[in-house]
Amino acid sequence: MRWIYITIGVAITGVLGFLGIREVVSDPVYFLELLLGGLTRGSIYALIALGYTMVYGIIQLINFAHGEIYMIGAMTALIVASVLGLWGWNAGVIAILAVVFAVVYSCAYGFTVEKIAYKPLRNAPRLSALISAIGMSLFLQNYVMLAQTPEFMPFRSLIPDFAFWEPYAHIMSSVELTIIVTTVIVMVLLGILIKFTRIGKAMRATAQDKVMAALLGINVNQVISTTFVVGSATAAIGGVLIACHVGQINFFIGFLAGLKAFIAAVLGGIGSIPGAVLGSLVLGISESFFTGYFWSEYEDVFAFSILVIILIFRPSGILGKHEAQKV
Amino acid sequence: MVTIKKIKQAFFIALWFMVLTFPIMVIKVNTITDTVVFRWSYLFWNGIGTFFASLTWNYFLHLKENKQKTETSDDIPMVHQLLQNDRFRIPFLIALAVFFLIYPFVFPMYHTSIMISALVYVMLGLGLNIVVGLAGLLDLGYVAFYCVGAYAYALLNLHFGVSFWLALPISAVLGFMFGTLLGYPVLRLRGDYLAIVTLGFGEIIRIIMENWDDFSNGPRGISNIPPPNFFGIDLGQHGSVIYIYFIVIALVLMTIFFVGRLENSRLGRAWIALRDDEVACQAMGIDKVKTKLTAFALGATWASIGGVVFAAKTSYINPMSFTIWESITILCVVVIGGMGSAIGVIAGALVLILLPEYLRAVAEYRMLVFGALQVIVMVFKPDGLIKSVRKTYKFKKVEE
Numbered sequence: 001m002r003w004i005y006i007t008i009g010v011a012i013t014g015v016l017g018f019l020g021i022r023e024v025v026s027d028p029v030y031f032l033e034l035l036l037g038g039l040t041r042g043s044i045y046a047l048i049a050l051g052y053t054m055v056y057g058i059i060q061l062i063n064f065a066h067g068e069i070y071m072i073g074a075m076t077a078l079i080v081a082s083v084l085g086l087w088g089w090n091a092g093v094i095a096i097l098a099v100v101f102a103v104v105y106s107c108a109y110g111f112t113v114e115k116i117a118y119k120p121l122r123n124a125p126r127l128s129a130l131i132s133a134i135g136m137s138l139f140l141q142n143y144v145m146l147a148q149t150p151e152f153m154p155f156r157s158l159i160p161d162f163a164f165w166e167p168y169a170h171i172m173s174s175v176e177l178t179i180i181v182t183t184v185i186v187m188v189l190l191g192i193l194i195k196f197t198r199i200g201k202a203m204r205a206t207a208q209d210k211v212m213a214a215l216l217g218i219n220v221n222q223v224i225s226t227t228f229v230v231g232s233a234t235a236a237i238g239g240v241l242i243a244c245h246v247g248q249i250n251f252f253i254g255f256l257a258g259l260k261a262f263i264a265a266v267l268g269g270i271g272s273i274p275g276a277v278l279g280s281l282v283l284g285i286s287e288s289f290f291t292g293y294f295w296s297e298y299e300d301v302f303a304f305s306i307l308v309i310i311l312i313f314r315p316s317g318i319l320g321k322h323e324a325q326k327v
Numbered sequence: 001m002v003t004i005k006k007i008k009q010a011f012f013i014a015l016w017f018m019v020l021t022f023p024i025m026v027i028k029v030n031t032i033t034d035t036v037v038f039r040w041s042y043l044f045w046n047g048i049g050t051f052f053a054s055l056t057w058n059y060f061l062h063l064k065e066n067k068q069k070t071e072t073s074d075d076i077p078m079v080h081q082l083l084q085n086d087r088f089r090i091p092f093l094i095a096l097a098v099f100f101l102i103y104p105f106v107f108p109m110y111h112t113s114i115m116i117s118a119l120v121y122v123m124l125g126l127g128l129n130i131v132v133g134l135a136g137l138l139d140l141g142y143v144a145f146y147c148v149g150a151y152a153y154a155l156l157n158l159h160f161g162v163s164f165w166l167a168l169p170i171s172a173v174l175g176f177m178f179g180t181l182l183g184y185p186v187l188r189l190r191g192d193y194l195a196i197v198t199l200g201f202g203e204i205i206r207i208i209m210e211n212w213d214d215f216s217n218g219p220r221g222i223s224n225i226p227p228p229n230f231f232g233i234d235l236g237q238h239g240s241v242i243y244i245y246f247i248v249i250a251l252v253l254m255t256i257f258f259v260g261r262l263e264n265s266r267l268g269r270a271w272i273a274l275r276d277d278e279v280a281c282q283a284m285g286i287d288k289v290k291t292k293l294t295a296f297a298l299g300a301t302w303a304s305i306g307g308v309v310f311a312a313k314t315s316y317i318n319p320m321s322f323t324i325w326e327s328i329t330i331l332c333v334v335v336i337g338g339m340g341s342a343i344g345v346i347a348g349a350l351v352l353i354l355l356p357e358y359l360r361a362v363a364e365y366r367m368l369v370f371g372a373l374q375v376i377v378m379v380f381k382p383d384g385l386i387k388s389v390r391k392t393y394k395f396k397k398v399e400e
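Chains as they are written, first to last, in this note's numbering: chain A, 1 to 327; chain B, 1 to 400.
In case anyone wonders, no lab produced these hints; they're calculated from the structure. Hints may contain errors.
With a Cα cut of at most 20 Å, we get these calculated EDC-like pairs of lysine to aspartate or glutamate [unchecked claim]:
1) B:Lys387 x B:Asp276
2) A:Lys119 x B:Asp383
3) B:Lys28 x A:Asp209
4) B:Lys288 x B:Asp277
5) B:Lys381 x B:Glu65
6) B:Lys397 x B:Asp383
7) B:Lys67 x B:Asp287
8) B:Lys28 x B:Asp276
9) A:Lys195 x A:Asp209
10) A:Lys119 x B:Glu65
11) A:Lys115 x B:Glu65
12) B:Lys5 x B:Asp86
Quick caveat: nothing in here was measured; it's all calculated off a predicted structure.
Okay, chain B solo, but in the shape it has when bound:
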């Protein structure tokens, strides 16, 4: 509990932070008019804030350490336990289905639109989860494939009038090809070398899109991308948003189904084995090249499908939507949600995308809060919000 010693410690930490933040928070210079403003009140509030923050921080850190000592490693998160229980699972799924079905009709269009982007991130997150969570390949350039999908639809539509429904499979194939193509040269690289090279690929594709004017219309981007057509009937603006919403829901369900099946398939188990120990895995006769490439390519496929939906939803794309921050956001979705766990990734996407949108009330501070939250979640829950659980078989003791 709170002892004199801890209060003393918190006091010194507060003092340290007051010194630390002094030049940047207290002194505000205006280099154009050459004036300096001292904001002494900030120093005071900062000291008080840090004092209490450090007390709580240390208290929770202490709790976490104590918990780690008593906890066994194989306990299952509560969400999984609840979902395995049939009595709870069926009503929960029905409630969820009803919620998502009536969502666009109950809430205004703005909220539907935000939900669409969150669901696109669910798809991207699940795709990246294959690469990072299952196969253990740290990919920081995932946005490249997202970009490929979006531009594929936009350009095909602009030049050849290809419709949304045709663009979807075309860009999926294109994404698969790009994934294989970019995956091939980096197969030999490991860990962080891989991360930085994939990051490089992501940036290369974005910069090319920005500078190759004749091909991609440069930084001006491509506008007037049509929304998906519904048997030729004009749905109006509101109708088409709802339509896209349901398309995304269908795609997300499809993704969840596919990824779930993949995870427990021969290929999925090969990915997990490769992540855990490459050498042992090869010794067991798993083809490393093929396994890694399929992970890359399948991840890329989902990213490009997400890109098509993104382009159709916003009806305007430019290279600035595909910066490295986008890759980082998707990676955060996967890691904060819980690597390798589909439920975790879904929760992560909903939290990470919806939170900043609803934090717009405190618009200026939202990225500050977002960054701080990332640190806090990782410090207190390093395995993510919902930890992944491998499929296990349990034997029940038979009463004799």
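With the rest of the complex left out, here is chain A:
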């Protein structure tokens, strides 16, 4: 059985590699554009996927409402920016305040959602928590739709065109540059938070063994809340960045973005933070090439196919550890 898979894999890689090299040689600029576009896309996925993977690592729950938190971040930024813009504030101040408000409000929503919909279900069957999450997601979508509007709203970019980036702007816009740079910074900060701080240590301990962590004096509920807050903050940053990139938002954007990010998290091995980043980049870049060179209407099919293929070979994702089953 195994060698059939391997042969097929090698054959597909060979054909794709051959086609790929031919394309690269014939039009290197286009190739570079696609690569950078994919990197941007992957960065955004990574910012959202982190929240999924962190929450999953700690309470083994697919937080379906995470996409909505991201949407609320983008929405808040839009509202704050429009109000301040109308009052005639300086563009730089508006950008900073919009991001700050988006992050603060997303964190608050993430925190509240956890307290209402997940905390009472800590000891319930896992599927019940999942349905509760789905209900929360529906609720938040409709809440934003009713309170604001079901239409798409144009989002004026908060990021100016940088003067120093002018010579390279034809390959990659300033917004894309900002997205990649921001993602790298957020990743580094998050890495420091998890590796070196007290709360990061507590998070890792809780993810490994909740009961033992509680015995050692870690306030598990507080750690879980912190995880939701941190995850929501990265999602909000992702939300603002992608809204700047795409230029319009509505109440439903959270769903597809959340789904893609979740795929990325699973691809990398859910529960693992480097896995989420790697999975997001793999997904983003390969999607970008696929839509660039093949058919764009089958983009989502391709994303899911990659997922299925990778999971067939590595059932717990690229970086996920294969857990031995305890009896």
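Fit chain B to the given chain A structure using the hints.
For chain B alone, coordinates are given in the frame of chain A:
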């Protein structure tokens, strides 16, 4: 009871929510005309609403926690107790039968039509219950098989003029095959990995249907799908709705019978064992691959039968009827009804499908209410509305 401390807590929660909902509820921006409207009254009502909501919420949560402490784990839900009692069961079943028999003749066609879709969901729910409730495999792409059934009937009818009655067994077989085919590669996956891959399959099938124009007519869908024929007699529009209604009733009864028999069969017990402990189950000599595949395939069979009925009922299908939300709705039917319990799934389907239809009076708010209800049901009844009860044998003490 309500103490000063609790009122204080509720007050702070209300304040928190007022801050939380401020930008989205109070400020309404119109980005096209560049105007901003502040709706301060919302803030006030929201505060008052949250204050009372949080008081009730905490009160019930408190009740639930107290109840959990006193309750033993093996108490049987009231519905099951009533149904086991012969004095109650027989009149209840007769009343139910009479109700469903006269339903289409008493109520207008609109209500019959809604009832048909609710009953289709009963069928889908019972099918998914095999996969999720009994075998414990979280399938988020169940709608794929529903789609296969619907398109099988529509396309076979379009190209070869196959009738409803022939399409029913054909698509059942097709569903079975698809279930096995899609089930095979994901056998090694567990838990949430399985969920996301099945979700992927569901989306793949939908997107292919949407983009493969020559095969499925793309997003325009297929129209003029004929309703089932009744020995060649034209029943008219009203008559054919009633006819479909009774077909669905028959199919649902068949499903209930089959699933009930399966549950207590060797295979059904193997599913439950596999759900509870995979390793121990294999050690007892149960073939894991075969058991899982049959669960997938049988679940898929019911979904495709449901799809055929759906296509015949609406006479028009397009890929938008088979989005992932559909899978999620079916999953909600199973989990909210009570996983693994047939009565629960039936109750869940009737509540979840009929409720939004009758909530149309408050059309705008119905999905909001629906989402909130899902959360509330799960928080207060995490095992679903009607918990499943395994078949048990009770020994009565013999008086000596």
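Here's how the hints hold up against the structure:
1. B:Lys387 x B:Asp276: 17 Å, holds
2. A:Lys119 x B:Asp383: 16 Å, holds
3. B:Lys28 x A:Asp209: Measuring from Cα to Cα gives roughly 45 Å; hence the hint is violated.
4. B:Lys288 x B:Asp277: Roughly 11 Å between the alpha carbons, so the hint for Lys288 of chain B and Asp277 of chain B holds.
5. B:Lys381 x B:Glu65: 12 Å, holds
6. B:Lys397 x B:Asp383: Roughly 32 Å separates the two Cα atoms, so the pair is violated.
7. B:Lys67 x B:Asp287: 41 Å, violated
8. B:Lys28 x B:Asp276: 51 Å, violated
9. A:Lys195 x A:Asp209: 17 Å, holds
10. A:Lys119 x B:Glu65: Cα-Cα ~13 Å, so holds.
11. A:Lys115 x B:Glu65: Given pair Lys115 of chain A, Glu65 of chain B holds - Cα atoms ~16 Å apart, limit 20 Å.
12. B:Lys5 x B:Asp86: 50 Å, violated
The structure does not agree with the numbered hints 3, 6, 7, 8 and 12 stated previously, though it agrees with the rest.
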